[in-house]
Amino acid sequence: MTVKKFNLPDVGEGLTEAEIVSWKVKPGDTVGINDVLCEIETAKSLVELPSPFAGTVAELLVEEGLTVEVGTPIISVADQPGEVGASAPTPPAPAKAAPPAEGGAAPDQNLPPMYGVLSDGGAQAPSAEASGAASSAPEAGAPAGPLVGSGPKADAVKRRPRKASASGASTAATRPTPDAPVVRSAPSAPVQQAANQTAATTAQPPAAFQVQASQPAAAAAPNGAPGVAGIGGAISGIVSRVLAKPPVRKFARDLGIDLADVVATGAHGEVTREDLVSYQAQREAEVDRADTFWTPARKPQDQRIERIPVKGVRKATAKAMVDSAFTAPHVSIFVDVDASRTMEFVKRLKASRDFEGIKVSPLLILAKAVIWAAARNPSVNASWVENADGKGGAEIQVKHFMNLGIAAATPRGLMVPNIKEAQDLSLKELALALNELATRARAGKTQPAEMQGGTLTITNIGALGIDTGTPIINPGEVAIVAFGTIKQKPWVLDGEVIPRWITTLGGSFDHRVVDGDLSARFMADVAAILEEPALLLD
Amino acid sequence: MGSTQLPAPGLEGMQADRQIVGDEPSTEMVQLLGPDGKLGADPVFSDYAKRLEPEQLRGFYADMAKIRRFDQEATALQRQGELALWVPLTGQEAAQIGSGRATQPQDYIFPTYREHGVALTRNVDLAELLRQFRGITNGGWDPNENNFHLYTLVLAAQTLHAVGYAMGIQRDQKAAQDQGGSKDAGKAAVVAYFGDGASSEGDVHESMVFASSYKAPVVFFCQNNHYAISVPSSVQTRVPLANRAKGYGFPGIRVDGNDVIAVHAVTEWALEHAREGNGPVLIEAYTYRVGAHTTADDPTKYRLKEEETSWRDKDPLERLETYLRAEGLADDDFFAKVKADGDELASYIRRTTLELKAPEIRASFENVYAEAHPLVAEELAWFEEYSAGFEGDEEEEAN
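Residue numbers (the working numbering), protein chains in the order written: chain A, 1 to 538; chain B, 1001 to 1399.
Extracted from the complex, chain A is given alone in its bound form (with noise of 0.2 Å):
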């Protein structure tokens, strides 16, 4: 039995490290040749990784939402000859591909991969690549055998070494710290210190899942060090360009690190991911140790301003909501409303055996009221186009449905999802609905065509214990309802004052579509639902 490595491939084109997102298979699976191993994501794309052996999963060699490098290992397979020869040529052709390993399939020792970074030179690595040798890995690896998880050489800087005259570089060359050539800026106490504890964390936890190939261990082999210690020595003044990879550098501009500033531990001083991480980490234990949020006035002025860039759904806000407010004129109407029938019906939802295990809130009485409100006044579940016909005629399009939007706070920022064809639903089926958006809103996991086609939205700013307020129209439609909080308040009833449960309704409307009879008569009618439920049985 031979167990074999599959080595992480370069699935798009140059691409160096992906994320293992999910395992398929588990230690003991039997997997054929082209079965899906697991899923990863790059830069670029979600894919699946096929199995290139056939055998018995011998270890994941790396967890479910780690990031490597191309080339680092992630699973082994054990063949079994005995089973793999018997069931070759009866099961369709995987299988019978399966035995590459009497075929042309290199004796399985472990290949060096043919990257320009090896990967964990500690582990498993054939002894000869302890020294020098690791610079010129052909002469450790098998003959003229496949290459092993090959995608484009990206980064093949491996080259044999001239005969004598260059040899006293080639060999002895050393290179004078790891760290020189890198730190353009000379660096700081402080960051040196941070450089110390780079070196001891990243020493310590990967271990077990050889993540990144670029551990100290392999920044210390003098990898490649002919070219890049002499030259990288004499242009070290005039370019202070720090070499990372394309991702390391995106992931550094996220965090808004200057990768100058980062101590390096790759080859070639390169700075690698986790270097990073681990400056974001020593970064954050300064800020937390930082006092307040207010920053004293003898700090220059312009550091006590922070900037942050306007862009994705902060910037897809701004935009609608200007579109919105200086298109269509609004008009805001206010109603308080005795909604104590309402919360006596959510109880009694909410205790029904039919309603068991699902969340029933007085936003489920308020959207269905709505919905009803909406088809006795038609005109608020509208949109006004422009340039409808094309010569510059507008036009008002009533819809005869209902996809009702619902405003929601989302780790992305404000979105209004909706739900489609709300009209035909059931109360039951709608509190589905309305629970399934908020959830899939919660997690950020709301989908572009989930917010497209809105008719009428729905605001519940009682939820933040607010009363009421002006929300302004989701662009495309001409109505919107906020609703407010709901609490106990005195009421007068028949004379008497008692205590009920209010709540005040508000709603916008866009007055070229919308006008004040109409807005008010749509907002009777809600308040009239949340007042008698009973009424929805009409």
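Keep in mind the hints are simulated off the structure, nothing from the lab. All values reported here derive from a predicted model rather than from experimental measurement. Just so you know, even glycine gets a beta-carbon here, dropped at the ideal spot from N, CA and C. Treat the hints loosely; a few may be bogus.
Each computed EDC-like pair below joins lysine to aspartate or glutamate, with the alpha-carbon atoms no more than 16 Å apart [said to hold, decoys possible]: (1) A:K347 x A:D494; (2) A:K420 x A:E450; (3) B:K1305 x A:D261; (4) B:K1038 x B:D1313; (5) A:K487 x A:D517; (6) A:K487 x A:E344; (7) A:K163 x B:E1391; (8) A:K163 x B:E1384; (9) A:K311 x A:D261; (10) A:K44 x B:E1378; (11) B:K1246 x B:E1028; (12) B:K1301 x A:E41; (13) A:K487 x A:D254; (14) A:K163 x B:E1385.
Label-pair ranges, simulated between beta-carbon atoms [to be verified]: (15) B:E1344 x A:A78: 42 to 52 Å; (16) B:S1213 x A:T327: 51 to 61 Å; (17) A:E421 x B:K1301: 20 to 30 Å; (18) A:R253 x B:S1230: 39 to 49 Å; (19) A:D302 x B:E1391: 54 to 64 Å; (20) B:V1231 x A:E39: 21 to 31 Å.
For chain A, the structure is supplied; the task is to place chain B on it using the hints.
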């Protein structure tokens, strides 16, 4: 400059166009075998379809199934790190097999980088095809052996090569006839494959202008697979691509690219048209790239699942299978054998690919000039001296 052959005046091309496509700016599409697997009729092309023997129809199916299986295996090999890149063709089998099977051995093909199906019809060893994608050579096969040119990675460049080649055929033909050859001596045509994305390139315009002016025997075969990587074809053109031929003065035909029978008929017609000296034809095979542009692409980022599903319903293999079964032309045994053959091919491809060796670098010097050349000899000598200056074995480095 010697005697330049000026094109004859006249608008024969336009007439043919009117005859085939009609007067209106046409969105008509030639279709014989619909998605339901029923054979329809066409005033011009049904005659071509009738000529097909059952054996040929079964062959079409077997080819399409084989190339799809090959496509799957190559994709898997890429995902296993054995190929640097792969360009999937799934969805376009009918367009490629139908057109490829309509060519004759003397015709010459200029493919893009996705014409694996056409390569199959021209008897290119599919394992050889993978050499380029494994990154060990710039070519992979000898184009003169099968009159199947090397894959061209520069978008649309091959359309110019094709027209130039076709103009060469015209001259060879004239020379043969001048020397007393028969009227049919040297009759051949060229097929230039390209896609909807490439149709936006200037090269295509230039090649069509020249082809039309010189009535070159070239068939422009555009597989409109709906996407230039991520850009939908609706962004590339406001009229059916086939209509563009009108502007150049030769016939343009849109054919259902998922209907292998119609593609075969239309291509046969176009090749005859070209070989007979009537000038170029543009064929727009209306099809869909079901998979990604390449293995480095993720189509879910720019198109919806519903769209992909709707095209899966128009699958070229399924409709032919339905037809073959309904007409009693093929049975379960046939389809089982096709599947087994595909699996065998896949296993052959896997084995061979893993064994592919990088070619000897000295081979590169051999193909610079047809005959020995002093400069090449000098450069080779320099190379030998240079490589002798290294330690170790050269073979190891090559791998």
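Okay, the hints, checked on the actual structure:
no. : hint                         : result
1   : A:K347 x A:D494              : 25 Å, violated
2   : A:K420 x A:E450              : 8 Å, holds
3   : B:K1305 x A:D261             : 45 Å, violated
4   : B:K1038 x B:D1313            : 14 Å, holds
5   : A:K487 x A:D517              : 28 Å, violated
6   : A:K487 x A:E344              : 13 Å, holds
7   : A:K163 x B:E1391             : 5 Å, holds
8   : A:K163 x B:E1384             : 15 Å, holds
9   : A:K311 x A:D261              : 26 Å, violated
10  : A:K44 x B:E1378              : 46 Å, violated
11  : B:K1246 x B:E1028            : 15 Å, holds
12  : B:K1301 x A:E41              : 14 Å, holds
13  : A:K487 x A:D254              : 43 Å, violated
14  : A:K163 x B:E1385             : 12 Å, holds
15  : B:E1344 x A:A78: 42 to 52 Å  : 27 Å, violated
16  : B:S1213 x A:T327: 51 to 61 Å : 54 Å, holds
17  : A:E421 x B:K1301: 20 to 30 Å : 27 Å, holds
18  : A:R253 x B:S1230: 39 to 49 Å : 24 Å, violated
19  : A:D302 x B:E1391: 54 to 64 Å : 58 Å, holds
20  : B:V1231 x A:E39: 21 to 31 Å  : 28 Å, holds
Hint compliance for this structure: hints 1, 3, 5, 9, 10, 13, 15, 18 are not met, and every other hint is.
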